[in-house]
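Each chain, written out:
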Amino acid sequence: MADEAYKGQVAAFEARIARGEKIEPGDWMPDAYRKQLIRMISQHAHSEVVGMLPEGVWITRAPNLRRKMVLLAKVQDEAGHGQYLYHAAETLGVGRDEMIAALLDGRAKYASVFNYPTLGWADVAAIGWLVDGAAIMNQTMLAHCSYGPYSRAMVRICAEEGFHKKQGQEMIIRYAAGTATQRAMAQEAIDRWWWPALMMFGPHDSASSNTPQLVRWGIKTKTNDQLRQEFIDDMVPALQTLGLSVPDPEMRYDAATGHWAGREIDWDEFWRVIQGDGPMNASRLDARRQAHEDGRWVREAAAAYGEKQPGSGSAGEQGRKESLLPPCAPAPLHPSESTT
Amino acid sequence: MNDQWPRYEVFKQERDGGPFRNVGSVHAPDAEMALLNARDVFARRPACRCLWVVPAAAIVATPIVVNAAGDAEPDDVSGPLEPYAVCGKSSERQAMTYVDYLGRVEARSAAEALRAAPALGAARIWWVFPERVISRSDPEDAPGLEAATGKLFRMSNQYHTVVTMQKIRRGDEGEE
Numbered sequence: 001m002a003d004e005a006y007k008g009q010v011a012a013f014e015a016r017i018a019r020g021e022k023i024e025p026g027d028w029m030p031d032a033y034r035k036q037l038i039r040m041i042s043q044h045a046h047s048e049v050v051g052m053l054p055e056g057v058w059i060t061r062a063p064n065l066r067r068k069m070v071l072l073a074k075v076q077d078e079a080g081h082g083q084y085l086y087h088a089a090e091t092l093g094v095g096r097d098e099m100i101a102a103l104l105d106g107r108a109k110y111a112s113v114f115n116y117p118t119l120g121w122a123d124v125a126a127i128g129w130l131v132d133g134a135a136i137m138n139q140t141m142l143a144h145c146s147y148g149p150y151s152r153a154m155v156r157i158c159a160e161e162g163f164h165k166k167q168g169q170e171m172i173i174r175y176a177a178g179t180a181t182q183r184a185m186a187q188e189a190i191d192r193w194w195w196p197a198l199m200m201f202g203p204h205d206s207a208s209s210n211t212p213q214l215v216r217w218g219i220k221t222k223t224n225d226q227l228r229q230e231f232i233d234d235m236v237p238a239l240q241t242l243g244l245s246v247p248d249p250e251m252r253y254d255a256a257t258g259h260w261a262g263r264e265i266d267w268d269e270f271w272r273v274i275q276g277d278g279p280m281n282a283s284r285l286d287a288r289r290q291a292h293e294d295g296r297w298v299r300e301a302a303a304a305y306g307e308k309q310p311g312s313g314s315a316g317e318q319g320r321k322e323s324l325l326p327p328c329a330p331a332p333l334h335p336s337e338s339t340t
Numbered sequence: 001m002n003d004q005w006p007r008y009e010v011f012k013q014e015r016d017g018g019p020f021r022n023v024g025s026v027h028a029p030d031a032e033m034a035l036l037n038a039r040d041v042f043a044r045r046p047a048c049r050c051l052w053v054v055p056a057a058a059i060v061a062t063p064i065v066v067n068a069a070g071d072a073e074p075d076d077v078s079g080p081l082e083p084y085a086v087c088g089k090s091s092e093r094q095a096m097t098y099v100d101y102l103g104r105v106e107a108r109s110a111a112e113a114l115r116a117a118p119a120l121g122a123a124r125i126w127w128v129f130p131e132r133v134i135s136r137s138d139p140e141d142a143p144g145l146e147a148a149t150g151k152l153f154r155m156s157n158q159y160h161t162v163v164t165m166q167k168i169r170r171g172d173e174g175e176e
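If you read the protein sequences in the order shown, they are chains C and L.
To convert, note that position 234 of the first sequence is 234 in my numbering; the numbers rise steadily by one, no gaps.
To convert, note that position 151 of the second sequence is 151 in my numbering; the numbers rise steadily by one, no gaps.
Keep in mind the hints are simulated off the structure, nothing from the lab.
Computed from a prediction, not measured in an experiment: that's the story for all the values here.
Treat each hint with caution, since some may be false.
To be verified - Mimicking DSBU-like on lysine-lysine, the simulated pairs with C-alpha atoms at most 30 Å apart in a straight line are:
#1 L:Lys151 with L:Lys167
#2 C:Lys222 with C:Lys308
#3 C:Lys68 with L:Lys167
#4 C:Lys35 with C:Lys68
#5 C:Lys109 with L:Lys167
#6 C:Lys7 with C:Lys68
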């Protein structure tokens, strides 16, 4: 009987998604949908936060004031995007403190691309065009996803990422038309970031066990390999137009398929970096832990100040909390799920 | 590490006369800090005229989550008659399903406000909360909220990369 009721709930839920409706916090959802979203959104939030680090080290070495202001604004955006996304994950019943603890103690995953070092100024340009460009493809898809808070966060993030991509592309265009040294600097940066950018789209479809369910539930509308192919088809001709190349001697246009195709990604490297063994994994986590510790006195001061404010109880309102349901309470688990 | 503070939902009005739209949330020890955090996170673009913060614990959401005891309604505790804010979506479909402040109803409880809310007309009513719990940015804060519109280099339409690439493809001069 309970199973029949559960199947009915799932059918109604999937029918809503098929009609193009957004699922909102508090709506009934299968526990697996909630878990997949928490996994994806929290990883995405961590990626934004860790993503400040590779470029942040270049702020003090920007070549002029305009580039410095642009880079400052971009890094500030990444911090804001992390906040948007932690919020979206919280609506599913997970705490921000839990997510940050998971990042700081190394349990959480984030985009492996940020575990590579930025060795020159043009890396800032290449990250903007390639890495933010790849992120936009993924995020444009997610802006259409079935979960309302994630979708809305993505709409805002995509609008801001457009600036990130274009400021990087603008630099590569200029350096490609510049002196031999500038062209070499741009090419070296493209060579460094091409493969990590391709890896951003995630594992090969055959190794992505989550994808079929994510597509079925309208969280993803394209597979990792579909998005990766769109990126390659977009980037290779653009770089060639500028007299630059991708670091893949086998990259060819296949007239039969209408697509560019090159070597296979080094999946051993992909999984190694995901598992924590990339060039910068330890450094990135150390930097996050240090930032968290350095901010402790600010949090303590703000908490002490807050406690002194009249009427500023733990929830900022008086005595009503007990009588109201939280807006984002997770739906009760189906009995068959809660035991596993 | 229990230092995350209460959550406040943030509403932003981009321009005079525009809707107050839910843009996300912040954590803060009090409403004043919540407004400051909301400015840092949500006023960066594209524009911001006014911010509201609302303690999340004061918000009642719909559809009402069925609790373990099977109760489908929030506790219908009756208080004084007062204005309740009603928020909802104008459409259930498509990517741009924003949640806006729709207006107010007079009610003695959140449950009563939820029953009265459909009169405001929306595809979906989402939240109600007493209007007295809203903390609003001060008109004096306006200069601090203009960060987005004052820094054009943060806007993607200030970069003409698409046209530049087209020119280079045609063999024209590459520089803008």
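Which numbered hints fail: Violated hints (numbers, rising): 2, 4, 5 and 6; every other hint is consistent with the structure.
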